[in-house]
Amino acid sequence: MIAIKNMDDRIGRKFSNLKERKQAALICYMVAGFPDLKMSEAVIETLVSAGADMIEIGIPFSDPIADGPLIQQASHHALTHGVRPQQCFELAGATRKIFPDLPLIFMTYSNILYRTGFEDFMYKARASGIDGFILPDMSIEESEEYVKISRELGLASVFIVSPNTKDNRARRIMNASTGFLYAVSVYGVTGVRSTLYDRSIKRIVKLRKISNPFLPVAVGFGVQNPDQVSMMVGAGADAVIIGSSLINIIKTSENNPNMLNDLHNFVLRMKNACRHS
Amino acid sequence: MPKDYHNEGRFGIYGGRYIPETLVPPIEELERAYAKSKKDPQFKSQLRYYLTEYAGRPTPLYYAQNLTRYIGGARIYLKREDLLHGGAHKINNTLGQGLLAKQMGKQRIIAETGAGQHGVATSIACAALNLNAEVYMGLKDTRRQSQNVLRMELLGATVHEVSSGSQTLKDAINEALRDWIANVEDTYYLIGSAVGPHPYPTIVRDFQSVIGSEIRNQAKEKFGRLPDAVVACVGGGSNAIGSFYPFLNREEVALYGVEAGGKGISTLKHSASLNAGTVGVLHGMRSYLLQDKFGQIINTHSISAGLDYPGVGPEHAYLKDARKAVYVSCTDRDAINAFMALCKYEGIIPALESSHALAYAMKLAKKIGRNKNIVVTLSGRGDKDINILLERKDFSRYGIKSG
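Here the protein sequences line up with chains A and B, keeping their order.
Under my numbering, the first residue of the first sequence is numbered 1, with each subsequent residue one higher.
Under my numbering, the first residue of the second sequence is numbered 1001, with each subsequent residue one higher.
In isolation and in its complexed conformation, chain A is listed as follows (with noise of 0.2 Å):
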């Protein structure tokens, strides 16, 4: 392997600004190529200059069993518009180029990277300047290779976490992860819900002080208002997730002149709610 210098922990130093400055972090998550890929590039500077601390790409899989309707929609897209991994890269290239300190993951399924070969893919990810990855269907058990590629890319790997996991369980998948933990609010897929389980966020962050105090928690899945981000924050939340949310409003781009001026104003206000801590 082409040795690959140790880039910076962008992930890690903004948690730690932010944490002085008293913040949670905004992860805002989109799907490359919706509508278009070069939309794609002025929705990463909107959600970025409205206040996003880090940007979660979503590379489009023919069957997202995580996903809701709406990123699900998104995706299928995407993917009939021929957006292919090649695009997602030269995405998050050009991004890296505007925001050289922006912290940067992509989320996709195992089948995208298994297909091209983890070490080709990720280090292609690395290459075009990506910090980590979310893969919602890699379980701890089936990856060995996922965590030491990652490991020696510098790349990190975000695990998820869910209300019904067991302590013991919870324990070694922080142990896996790096960057932060994604801890799941919900029992369900991605999309916009009413109901939020704060119980099991208040958990997690407890787990987390005992096992690794140093790995920040994310909370992700159904957080659709400002209201919601204070419950997280409040709950002890060091980032809250929000993607259907905003497919919603990028959805509405074909009809609607103010669409990036609307998701400007809806992730100021979401991102308002995390300074409140």
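Careful, some of the hints might be misleading.
Said to hold, decoys possible - Looking from chain B toward chain A, a few residues come up when the C-beta cut is under 8 Å (computed): (1) Tyr1054; (2) Pro1058; (3) Val1184; (4) Val1281; (5) Gln1291.
Said to hold, decoys possible - What the simulated footprint calls covered on chain B by chain A, stretch by stretch (three residues with Cβ under 8 Å from a Cβ of chain A suffice, anywhere in the stretch; the number is not a length): (6) 1012-1020; (7) 1160-1174.
Just so you know, the hints here were simulated from the structure itself, not pulled from any lab data.
Glycine residues also receive a C-beta, built at the ideal position from the N, C-alpha and C atoms.
Knowing the structure of chain A, use the given hints to seat chain B on it.
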């Protein structure tokens, strides 16, 4: 069998458990419950009761004398799973898993279905065992198989149409998995084929192995030895693995899995994952898949909706690599010709799925010659397929028009 065969939820490099974290606790609960039930004499006797008194086991091993004479080669025997209640082998698995769900105290059962056979078998088992069934079915399939939708509803199940993705079986599985993720505490996912995350491929294989065990005993009664070949169709591969499993250590029995060659493997309009696929991860398992070079799952085709799936059970993937079974394919046209032959010579209307196995068995019979015995698993009956045949322009009641 080699040492890496079935080791901690894997068949060699295949199988495993690629699932969202929320599904880990219910999958582990299932694994524990199944390990317990497997050894429980009361569970076994309950299952035996339902299989014999309700489903109609054992099924006959019928010597297809007329067809054998017509082909002029090895003797062809039919394992008549089509005679089971519901008209297909699927009920072996739905009764087994239904009882398991009951043992686990899960009242709400979800299932996916392609053509509707597994959905119907799930609805039947749930009605018999007093469970509530909800079945996910692709929108395209609900239109192609509207009669099966009605059957499921008559049997008390709720059918959810799936309009995402390609609107067929793989999307129905995606949607059932999503439902399960949202309802892990009270819901049992009753998967219909030998696919999915561990322990499903093993559970389904075990419940379907009754087919192969009966073949083994009946073969000895009918012709005093084991069959020379066992032939079964492979979509996800449940009837095939159930037919093969009891013979895996018997080198003298050749095992043939027949995939759907659709319009021909070179046309890319087929469902032959083992013959033309590459290794990948889908629906919680590592196996052979039909996918593009970027890892996107591609749309499959088969005249038989039950074989129209872009993946295959991980145990078959292992058996292929280990050369313990041979995987071939038959085209839509081969299957229809075999379908016609069985109707005409034996008075049996086979499912289009099973017609693939039959088509290959007919070729094989000619090839290996007289004094050999071939067993074909006739996994289901074909009444459900009549409309599909009538929709084909080249079909008449005399068979496929040539040219």
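Each hint, compared with the structure:
1. Tyr1054: 34 Å, violated
2. Pro1058: 38 Å, violated
3. Val1184: Constraint on Val1184(B) satisfied, holds at 6 Å.
4. Val1281: This hint holds: Val1281(B) lies near chain A, its Cβ roughly 4 Å from the closest one there, short of 8 Å.
5. Gln1291: 6 Å, holds
6. 1012-1020: holds (count 5)
7. 1160-1174: Holds, because 5 residues of the region 1160-1174 of chain B bring their Cβ atoms closer than 8 Å to Cβ atoms of chain A.
In this structure, the earlier hints numbered 1, 2 are contradicted, and the remaining ones agree with it.
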